Amino acid sequence: MSMFGEHARVRAAQQRMHDARRAVAIPASALLARGERHPWVILGVAAGAGFVMGRTKMHPLRLPGMGSLVGALVSEATTIGASFLAAHAANPSAVEDA
2 MSMFGEHARV RAAQQRMHDA RRAVAIPASA LLARGERHPW VILGVAAGAG FVMGRTKMHP
62 LRLPGMGSLV GALVSEATTI GASFLAAHAA NPSAVEDA
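Mapping the sequence shown onto our numbering, position 44 (from 1) lands on 45, and the numbers just tick up by one.
Treat the hints with caution; some may be incorrect.
[As the list claims (entries may be wrong)] Simulated restraints, written as ranges between beta carbons of each label pair: (1) H8 x A87: 25 to 35 Å; (2) S3 x A50: 47 to 57 Å; (3) R35 x M4: 43 to 53 Å; (4) A48 x R12: 16 to 26 Å; (5) L74 x M18: 23 to 33 Å; (6) T79 x A26: 23 to 33 Å; (7) A87 x R12: 47 to 57 Å; (8) I81 x R56: 38 to 48 Å; (9) L74 x R35: 18 to 28 Å; (10) T57 x S3: 16 to 26 Å; (11) T79 x M54: 22 to 32 Å; (12) G6 x V71: 40 to 50 Å; (13) A50 x M18: 44 to 54 Å.
Think of the hints as simulated: they come from the structure by calculation, not from any bench. Note that this is a predicted model, so its numbers are computed, not measured. For every residue, glycine included, the Cβ atom is placed at its ideal position computed from N, Cα and C.
Could you put the whole structure together from the sequences, leaning on the hints where they help?
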């Protein structure tokens, strides 16, 4: 096949990918907005998924992508905890003033 034919196929595939991403972006952003408006629903879904995974003896780190997600969450929680402790250590009378 010629170079121009390959280039046309690549361009067509790129256009299909762009259209597919655009089609998914709107529902995904609506889902994220709903999660920000109703955080208890998202928490309930996460708890339900955890319960089901625990009952079926499914280890969450065996699911693709869950290891990096859990690692990122632990890192974020550590950062938040460290910043909280640093702020509390800098102003120990903040609790007494409240």
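**Q.** List of violated hint numbers, smallest to largest
**A.** 1, 4, 8, 10, 13
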